[in-house]
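S.K.: One letter stands for each residue in the lines below.
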Amino acid sequence: MNGPERRSAAELADALASGETSSVALTQAHLDRIAEVDDSIHAFLHVDAEGALRAAAESDARRAAGESWSALDGIPIALKDLLATRGLPTTCGSRILEGWVPPYDATVVARLRGAGLPILGKTNMDEFAMGSSTEHSAYGPSHNPWDLDRIPGGSGGGSAAAVAAYEAPLAIGTDTGGSIRQPAAVTGTVGVKPTYGGVSRYGLVALANSLDQAGPVTRTVLDAALLHEVIGGHDPLDSTSIPQPVPSLVEAARRGADGHLSGVRIGVVKELGGEGYQAGVLARFEESVELMTKAGAEVVEVSCPHFVHALATYYLILPAEASSNLARFDAMRYGLRVTPDGDPSAEDVMRATRRAGFGDEVKRRIILGTYALSSGYYDAYYGQALKVRTLVTRDFQAAFEHADVLVSPTAPTTAFAIGQKVDDPLAMYLNDLATIPANLSGVPGLSVPSGLADEDGLPAGFQILAPALADDRVYRVGAALEALLAQEWGGALLERAPALRGAGA
Amino acid sequence: MPETPESSGAPVREPVDPDRPTISRAEVSHLADLARIELSDAELDHLAPQLSVILESIASIQTAAGSDVPPTSHALPMTNVFREDVVARCLTADEALSGAPDQEQQRFKVPRILGDEQ
Numbered sequence: 001m002n003g004p005e006r007r008s009a010a011e012l013a014d015a016l017a018s019g020e021t022s023s024v025a026l027t028q029a030h031l032d033r034i035a036e037v038d039d040s041i042h043a044f045l046h047v048d049a050e051g052a053l054r055a056a057a058e059s060d061a062r063r064a065a066g067e068s069w070s071a072l073d074g075i076p077i078a079l080k081d082l083l084a085t086r087g088l089p090t091t092c093g094s095r096i097l098e099g100w101v102p103p104y105d106a107t108v109v110a111r112l113r114g115a116g117l118p119i120l121g122k123t124n125m126d127e128f129a130m131g132s133s134t135e136h137s138a139y140g141p142s143h144n145p146w147d148l149d150r151i152p153g154g155s156g157g158g159s160a161a162a163v164a165a166y167e168a169p170l171a172i173g174t175d176t177g178g179s180i181r182q183p184a185a186v187t188g189t190v191g192v193k194p195t196y197g198g199v200s201r202y203g204l205v206a207l208a209n210s211l212d213q214a215g216p217v218t219r220t221v222l223d224a225a226l227l228h229e230v231i232g233g234h235d236p237l238d239s240t241s242i243p244q245p246v247p248s249l250v251e252a253a254r255r256g257a258d259g260h261l262s263g264v265r266i267g268v269v270k271e272l273g274g275e276g277y278q279a280g281v282l283a284r285f286e287e288s289v290e291l292m293t294k295a296g297a298e299v300v301e302v303s304c305p306h307f308v309h310a311l312a313t314y315y316l317i318l319p320a321e322a323s324s325n326l327a328r329f330d331a332m333r334y335g336l337r338v339t340p341d342g343d344p345s346a347e348d349v350m351r352a353t354r355r356a357g358f359g360d361e362v363k364r365r366i367i368l369g370t371y372a373l374s375s376g377y378y379d380a381y382y383g384q385a386l387k388v389r390t391l392v393t394r395d396f397q398a399a400f401e402h403a404d405v406l407v408s409p410t411a412p413t414t415a416f417a418i419g420q421k422v423d424d425p426l427a428m429y430l431n432d433l434a435t436i437p438a439n440l441s442g443v444p445g446l447s448v449p450s451g452l453a454d455e456d457g458l459p460a461g462f463q464i465l466a467p468a469l470a471d472d473r474v475y476r477v478g479a480a481l482e483a484l485l486a487q488e489w490g491g492a493l494l495e496r497a498p499a500l501r502g503a504g505a
Numbered sequence: 001m002p003e004t005p006e007s008s009g010a011p012v013r014e015p016v017d018p019d020r021p022t023i024s025r026a027e028v029s030h031l032a033d034l035a036r037i038e039l040s041d042a043e044l045d046h047l048a049p050q051l052s053v054i055l056e057s058i059a060s061i062q063t064a065a066g067s068d069v070p071p072t073s074h075a076l077p078m079t080n081v082f083r084e085d086v087v088a089r090c091l092t093a094d095e096a097l098s099g100a101p102d103q104e105q106q107r108f109k110v111p112r113i114l115g116d117e118q
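Quick mapping for you: the protein sequence lines, in order, are chains A and B.
Quick note: the first sequence, position 328, residue 328 per the numbering used here, numbers continuous.
Quick note: the second sequence, position 7, residue 7 per the numbering used here, numbers continuous.
Think of the hints as simulated: they come from the structure by calculation, not from any bench.
Nothing here was measured: the structure is a model prediction, and the numbers come from that model.
Cβ coordinates follow ideal geometry from the N, Cα and C atoms, glycine included.
Be aware that one or more of the hints could be misleading.
[Stated by the list, open to error] Partial chain B-side listing against chain A, Cβ under 7 Å, derived:
1. A35
2. I37
3. S60
4. Q62
5. A65
6. V69
7. V87
8. L91
9. A93
10. E95
11. Q106
12. F108
[As the list claims (entries may be wrong)] Capping the alpha-carbon separation at 25 Å, the derived lysine to aspartate or glutamate pairs in DMTMM-like fashion look like this:
13. B:K109 with A:D341
14. A:K421 with B:E84
15. B:K109 with A:E98
16. A:K387 with B:D68
17. B:K109 with A:D348
18. A:K421 with B:D68
19. B:K109 with A:D343
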């Protein structure tokens, strides 16, 4: 396979600009790739070939007329099925929204359309973004392109798998506790959770409002920066949207690509490593830190003592917010309605609908959230969680006095086998150990591949965190590490992924 | 949901043992009722022990922060955001009703509201 689907979005944009290819040609190439491999990957819940090709033809016509809407005009993209798309089904991986077609676009989607990106389709995810493996999707799991028997991470495993399997050059994910970064880590791709409020939440089906953030899923750091600049920025439709302009991310990524890190202070977070982390993941992490030191970075160890409570804090705040948010699925205005026999009341219909429409993990978390918000337990659990959130933020503030960025492995392990943890909620929750603190505090985080673990030959991820609003730093340092590692490897990590045998092969 | 757990008079409360917080089958059943989710006996048998394990794992939170620590509800503190009071585009009635399970006369049609207990 040597088609356009192997190239980065930045390279494709250059090829479009020079007239070497057309948007229709490369959109068709990606649709062909989806047709070839998605039976085995199952990254997509819905493919919109007609709409994508129509948008691509419009992009080509614009370019022929000397016009371009953005740096990514004509580059196709896949969207996590949690973003409302006018005219395209949006299920959130749930039966309760099966067949729902939103009457409006999320702001992120509107901006992508306005920037001329053809939308290939909607990607698979854990139901309502609750999970770290996509196994909680009501429509069946996605598969990791590195090993089809393993999970591609979650909740945004579909977006990460699509990009890793060259089904799309770009995708959008959402990250509430690691759902962009952990799938990136286990599929050997790049994922960024922007500063909370940096990308509009309008039209994202809410999981936990105070934690949710949409961001780029790509194969290179520069592509993520290009995409982030298209979707980022203030939106009056989101009350928590940041009014300040987005920093120059593309410039930061290009600057970082020279591999020089002199003057950059890198803080290794003591609490995000060691016990519970796979040896091969830690080895690749330490080698990456070593490379960055050689490139001129000043490396210090920092301690964030309250991070040990981050997981517990998250599993109180998230279910509490989710149980309130998912109350909107009441069988009255949209989505599934199950009507029991006899003369059922509205509440009977709600109970029956939510029983049939929600999966196990969603039920677990709604009940946990209802419990955490109950008057008898509110102070002991939810109230405490909000206080620990303050302590986690103070830890970050103290650490950023000694370092420009903080680093850790993205996920404690490489991709595990499908089925291994699906009915063991605690084991599943531990996947997000290192990614959750950033969500609690709202700071930006990026995951970039750090290599393959020795034990299993599967990708590991390197996480870079920066202070709120300093998203440019994760791009600069991420691009530098990416360049340093590519130099060591003689190419990108994904080039080492096994070839997928398509239906036509 | 029309009702929040706090507004319900039903007995969810049991004393919390910080070391061994457990959640009984009856409690799960009651919580599911508050959350408007019907659960089968098999689901209750399955869920109750899982929830107890999760609760036990997060019990440490109860002593993690002192009383002097202020709570944080949002990552970045923001005050009220205002805009000019002008009419903006919104969904048409047909658009708003486009996903409705049932409708009549440009309205959402719902089952009877009053339950047996009223």
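S.K.: Each hint should be assessed against the structure and marked as holding or not.
M.R.: Here is how each hint holds up against the structure:
1. A35: 5 Å, holds
2. I37: 5 Å, holds
3. S60: With Cβ-Cβ at 6 Å, under 7 Å, it holds.
4. Q62: 5 Å, holds
5. A65: 4 Å, holds
6. V69: 4 Å, holds
7. V87: 14 Å, violated
8. L91: This interface hint holds because 6 Å falls under the 7 Å limit.
9. A93: 11 Å, violated
10. E95: Holds, about 4 Å.
11. Q106: 13 Å, violated
12. F108: This hint holds: B:F108 lies near chain A, its Cβ roughly 6 Å from the closest one there, short of 7 Å.
13. B:K109 with A:D341: 18 Å, holds
14. A:K421 with B:E84: 51 Å, violated
15. B:K109 with A:E98: 20 Å, holds
16. A:K387 with B:D68: 9 Å, holds
17. B:K109 with A:D348: Between B:K109 and A:D348 the Cα gap is close to 15 Å, so the pair holds against 25 Å.
18. A:K421 with B:D68: Violated, at about 39 Å.
19. B:K109 with A:D343: Roughly 15 Å separates the two Cα atoms, so the pair holds.
Hint violations for this structure: numbers 7, 9, 11, 14, 18, all remaining hints satisfied.
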